[in-house]
Amino acid sequence: MRVVVDLNKCLGYAQCAFLAPTVFELHGEEALMYDPNPGDATRLKVLRAAAACPVQAILVEHLGDKDESPAS
Amino acid sequence: MIAATKEKVADVVATFKSTGRIVIVGASLAGLRAAEALRKEGFTGHLTIIGDEAEEPYDRPPLSKQVLKGWVPADHTKLPRVREIDAEWLLGEAAVRLDRVNKLVHLAGGDQIPFDRLLIATGTRARQWFNPKEAALDGVYTIRTSNDAARLQEALAAKPGRVLVIGAGFVGSEVASVCRELGLAVTVAERASAPLVGALGGVIGKIAAEMQQDHGVDLRCGIGVKSLEGDDKGHVRRAQLSDDSVVECDVVLTSLGSIRNTEWLEGSGLAAGFWGVGCDAGCRAFDINGVVTDSIFVAGDIARFPHVLYEYQFLTLEHWDNAVLGAAVAAHNMVSLEADRWPHLPLPGFWSGQFGVNIKSVGVCPFGEEILFTQGSVKERRFAAAYGHRGRIVAAVTFNHAKWLDHYAAQIERSAPFPPPPAGFDRPRDMKPVPAEFPDPRVPTSLPTVILTGHDPTERGAEFQARLH
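Sequence order for the protein chains is A and B. If you're matching positions, the first sequence starts at 1 in the working numbering and goes up one per residue. If you're matching positions, the second sequence starts at 1 in the working numbering and goes up one per residue.
Simulated from the structure, these hints should not be mistaken for lab results. Treat the hints with caution; some may be incorrect.
Calculated pairs, SDA-like style, for lysine to any residue (alpha carbon to alpha carbon, straight line, at most 20 Å) [claimed, not checked]: (1) B:Lys-78 <-> A:Ala-41; (2) B:Lys-159 <-> B:Lys-78; (3) B:Lys-379 <-> B:Ala-423; (4) B:Lys-403 <-> B:Pro-421; (5) B:Lys-233 <-> B:Ala-135; (6) B:Lys-233 <-> B:Pro-132; (7) A:Lys-45 <-> A:Gly-12; (8) A:Lys-9 <-> B:Glu-413; (9) B:Lys-379 <-> A:His-27; (10) B:Lys-403 <-> A:Val-55; (11) A:Lys-9 <-> B:Glu-318; (12) A:Lys-9 <-> A:Leu-59; (13) B:Lys-78 <-> A:Asp-40; (14) B:Lys-403 <-> A:Val-60; (15) B:Lys-69 <-> A:Leu-26; (16) B:Lys-40 <-> A:His-62; (17) B:Lys-403 <-> A:Ala-57; (18) B:Lys-206 <-> B:Arg-382; (19) A:Lys-9 <-> A:Arg-48; (20) A:Lys-9 <-> B:Trp-404; (21) A:Lys-9 <-> B:Asp-321; (22) B:Lys-40 <-> A:Val-60; (23) B:Lys-226 <-> B:Asp-243; (24) A:Lys-9 <-> B:Val-82; (25) B:Lys-17 <-> B:Ser-295; (26) B:Lys-69 <-> B:Arg-151; (27) B:Lys-69 <-> A:His-27; (28) B:Lys-69 <-> B:Arg-144; (29) B:Lys-69 <-> A:Asn-37; (30) B:Lys-69 <-> B:His-215; (31) B:Lys-78 <-> A:Gly-12.
Fair warning: this is a prediction, and the values are worked out from it, not measured in the lab.
Build out the structure end to end from the sequences listed, making use of the hints.
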């Protein structure tokens, strides 16, 4: 699962760090670090974290489980 | 008559939207988001994405943080897709030339890709160490790509005796922070008076310097690195500094800023050079004479566009959201009629996590001459400060005080007065503006210049004058 956080928007409310602590963590008071490719076992938690984010800064890929593989 | 012409133009745009060919050169954040935006705008024609890296688009900010720490593998930062883009991907293929007359992009392998409209989003690359022999020593790294990060992460995981970071901009400072988290000894050498001075000025730089020292970084400012020396196996072991001191080190990160990838546009007749690619605020590229083109657009790190908030000065912004927002505007304008075009007028913003502090900024800090601490406490490294230019607020920076940033963003957008009215809460005792201490921008450079030629309107034009060395 692919995740990206818009850290311009992120204000360190830390809701994600409570809801999916293995994926999102705060360094110090408000610097967010996260796993951009967490395992599918955390999917529900990550979706909850994305929904709970007060500034809606978390983007989770919604194109289904299959990635669109670029043919090179 | 006029109505008929209008209809015709609308028809042309509609036909283009359904059957045109768009080529995007650059397959990173701006290129990907532009492709998605084009489909969202209803473009159903042929879409080609060209990128010189073999990987599909990935996010770079985690590379100098989560990845180096060893938490996230370097190839795990691929960007989430927001919609299907049904594009032809030409990855691992560098564009080497643009033929504007025949509307072709030439690839390194010899292929020529035709386009009706082109988006240039080739971004930047890491500036390499000036001495190629020394740069080739084992243990000398730069960090820009996912491969760079993978190699450096491996080197840090091997517990080197000491890491030398050359250059204390954001990336260099973030890497120094990770080194300390990993328990590694680290020396940072910075030619300016303090870290982050170019972006945030000397007053904030002093605070950044204290943060580094408090975390055990051996910080050397006002110092250059003269040379890197290797052992007989060709692995870097020490660095000679400009004050004649020597640093013993097993890993060197050269973090010397970025170079814009515009070489492939040489000879194309576009306003492209070391400064980026000149364009209007609607992302349309300028030709070398500063005349706007109709079919070539620019987005991301290399787009140099005029910004109304900053006296219409041309800015390039190597910021994450500038790539995202610029891509959306460029894509929209590529498939829209003149009256429907959007301007790309973002309020610039960036962030950096280092030494447990979240540094965020809005506006263009170096545009200000003065700085005023408006909230919080410098001592606790939890504060907001505003930058002023001729009596108005033009930027703000926060250290662990991000929740206040929108307040300042709104003031900057309104060109509110500087010093700003005191916040109603958490005011520092001493609220006097002081010089922000940015380096003098008038230092001489040896960069190429543009000369004007011709006298008649039919001959008048600009030409590049080659670099002198």
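- If any of the earlier hints don't hold here, list their numbers in rising order. Checked against the structure, the hints that fail are numbers 2, 14 and 31, while the rest are satisfied.
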